[in-house]
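Asks: Order-wise, the sequence lines are chains A and B.
The numbers in our numbering rise by one with no breaks, and the one at position 76 of the first sequence is 76.
The numbers in our numbering rise by one with no breaks, and the one at position 157 of the second sequence is 157.
What the hints contain is simulated information worked out from the structure, not anything from laboratory work.
Misleading hints may appear alongside valid ones.
Computed list of lysine to aspartate or glutamate pairs in DMTMM-like fashion (alpha-carbon distance at most 25 Å, straight line) [as the list claims (entries may be wrong)]: (1) B:K105 x B:D248; (2) A:K72 x B:D115; (3) B:K302 x B:D266; (4) A:K72 x B:E328; (5) A:K72 x B:D336; (6) B:K105 x A:D78; (7) B:K334 x A:D78; (8) A:K42 x B:E352; (9) A:K72 x B:E352; (10) B:K127 x A:D78.
Computed spacing ranges between beta-carbons, pair by pair [stated by the list, open to error]: (11) A:E61 x B:E352: 23 to 29 Å; (12) B:V77 x A:A69: 51 to 57 Å; (13) A:G39 x B:V304: 50 to 56 Å; (14) A:Y67 x B:E444: 53 to 59 Å; (15) B:D115 x A:L68: 25 to 31 Å; (16) B:R102 x A:L83: 28 to 34 Å; (17) A:G45 x B:D48: 54 to 60 Å; (18) A:D54 x B:R102: 54 to 60 Å; (19) A:E61 x B:E381: 51 to 57 Å; (20) B:E307 x A:L68: 44 to 50 Å; (21) B:E352 x A:L68: 16 to 22 Å; (22) B:A258 x A:G39: 49 to 55 Å; (23) A:D78 x B:M299: 43 to 49 Å.
All figures in this text were calculated on a predicted structure; none of them were measured in a lab.
The beta-carbon is built from N, C-alpha and C at its ideal position, and this holds for glycine as well.
Each chain, written out:
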Amino acid sequence: MDRIRKSFRLFLLFVVIFVLGAFTGQFFTDKITEADVRGAAKIFGLEMSQSEIDSLLPGLEDARTAYLAHRKMTPSNDLGPALWFNPVLPGMNVSLPKIVMT
Amino acid sequence: MVQSRFAGYERFVAQNRDDLAWYTVRELAELIRSKQISSEELTRFFLDRLKKYDPQLHCVVTLTEDLAMEQAKRADVEIKAGKYRGLLHGIPYGAKDLLAARKYKTTWGSVPYKDQVLDYDATVIKKLEAAGAVLCAKLTMGELAWGDVWFGEMTRNPWDTKTGSSGSSAGSASSVSAGLLPFAIGTETLGSIVSPSTVCGTTGLRPSYGRVSRHGAMALSWSMDKIGPICRSVEDCAIVFQAIQGADPMDVSLIPAAFHYDANFDPRQLKIGYLKKDFDRRYAFHDQDSVALHRMREMGFKLVPIELPPSPDLSIILSAESAAAFDELTLSGKDDLMRRQIKNAWPNSFREARFIPAVEYLQANRLRTKLMQEMQKVFQEVDVYINPSWGGRSLNITNHTGHPCVVIPNGFRNGRPTSLTFTGKLFEEGKILSLAKVYQEATEHHKQHPQL
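Same shape as in the complex, but just chain A (with noise of 0.2 Å):
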């Protein structure tokens, strides 16, 4: 008998992790819609037409699957981006590195 309810258990426990998988797989794959992209929007304090909404929405789809794509390729702390600050304004004299210390 206790074979029986442990076996049940597992399976109930398989079948929990086999619908939440499919959930998150499909949060990822699911179509982005005008509610999306209205939500969206109001997070980030932008207003836009029902048609300009309607035109964006297979672009947002194409750079969720670039962001999916990017993260898989996992960059470590010490990979920097490919834009470098510089304090130095147009104009601004720099003396030539030279130590002086006296």
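We have chain A already, so just place chain B on it with the hints.
Replies: Chain B only, in chain A's frame:
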């Protein structure tokens, strides 16, 4: 001054050996150069202090004792053979645990990385080794460079061990303040040298952006991270900065620039501003800062009132960059392992940053350029300005524009140190250091030490 202090060194050592804990790098260097003490003896002295007081202060992640003794012995052999490398030769120090050091853990103060070993030396560690300095400890830091909470027990302020040291260069400031090391290396993205130096009463230099190589240092914000010394005096900051700054082919963000520092320069020649409106407010360090400004005027410094330009909220820049640097934690769920899980902590900040559009990040950076232009106008009027360390906008602005500053203790409030900040032009650390040194040497605040 140095010579007279050491005139009776042998008697001094016999009677007050513990006072070596409070010597500056300059003073210790004189003892080593003149062979009145060996590097091995000095290193053992500081290792013993680290072991004795760490259970109270929680400022050490890893003692690098084997490496330290090896480097100290090497220094003694070289000095005995007449190969003196300079003021840092044989001097013990500690490094914030975001700098990689071969054979030892580099934990970034964070649970998910607490067993991480990066098997190479950060450029700063290499440069200090080349200068003959002796690495004794890897020091605590707030988890991923925020605050004083890490995977061990909170790092303490030696002046009041019921309270934290602040951070994120927590162990660097705490250990130097308590005389457990003559100097330490810290880093700052948005206050992490200024804040713990203020709390612990140490003297810190936050260099210009692009001055010190970040190769081998944890990246939090590629456009804001800076590495600098935390010491017992302004002059020591100049000595350590000289050794760690400059070229490194491994860090393309470095900007070639000269370091001009003249210990005999009279800073009265400088045009010195002060943030009058900030100093006129009622704030925690108001009284100590007022006395400091009065003292400077008495010393013959002419202080010109100035104001900083309006500054936009640029906080999404650090949020976006740090979230990218640690996206691995957010996506894997390992951020759940981190110690602080409140709203105002990294895990939530990283998730929040996922909602910053790339366009807004770039727009914020364009406004940052405008702020840099406005700050350039400020520095057409003055060479250096003085500002309250906390409270005003200077700390936030200059961490975005890349300008350097020196923070020094200027008194006490409720038994704990207060501080004053000197901010200067890009790559003009020498001038700020000259001014801060002259003021510091006319005071005794940096010569006060906590009782443990």
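Asks: Against this structure, judge whether each hint is valid.
Replies: Each hint tested on the structure:
1. B:K105 x B:D248: 23 Å, holds
2. A:K72 x B:D115: 24 Å, holds
3. B:K302 x B:D266: Between K302 (chain B) and D266 (chain B) the Cα gap is close to 13 Å, so the pair holds against 25 Å.
4. A:K72 x B:E328: Holds, because 10 Å separates the two Cα atoms, which is no more than 25 Å.
5. A:K72 x B:D336: Holds. K72 (chain A) to D336 (chain B) sits at ~20 Å (cutoff 25 Å).
6. B:K105 x A:D78: 16 Å, holds
7. B:K334 x A:D78: Holds, at about 18 Å.
8. A:K42 x B:E352: 15 Å, holds
9. A:K72 x B:E352: This hinted pair holds, its Cα atoms lying about 21 Å apart.
10. B:K127 x A:D78: Between K127 (chain B) and D78 (chain A) the Cα gap is close to 19 Å, so the pair holds against 25 Å.
11. A:E61 x B:E352: 23 to 29 Å: Check passed, 24 Å falls within 23 to 29 Å.
12. B:V77 x A:A69: 51 to 57 Å: 56 Å, holds
13. A:G39 x B:V304: 50 to 56 Å: 52 Å, holds
14. A:Y67 x B:E444: 53 to 59 Å: Taking Cβ atoms as reference, Y67 (chain A) and E444 (chain B) lie about 58 Å apart, which means the hint holds.
15. B:D115 x A:L68: 25 to 31 Å: About 30 Å separates the Cβ atoms of D115 (chain B) and L68 (chain A), which means 25 to 31 Å holds.
16. B:R102 x A:L83: 28 to 34 Å: 30 Å, holds
17. A:G45 x B:D48: 54 to 60 Å: Holds - the Cβ-Cβ distance for G45 (chain A) and D48 (chain B), about 58 Å, lies within 54 to 60 Å.
18. A:D54 x B:R102: 54 to 60 Å: 57 Å, holds
19. A:E61 x B:E381: 51 to 57 Å: 53 Å, holds
20. B:E307 x A:L68: 44 to 50 Å: Because 48 Å falls inside the window, the suggested range holds.
21. B:E352 x A:L68: 16 to 22 Å: 21 Å, holds
22. B:A258 x A:G39: 49 to 55 Å: 53 Å, holds
23. A:D78 x B:M299: 43 to 49 Å: 46 Å, holds
Hint violations for this structure: none, all hints satisfied.
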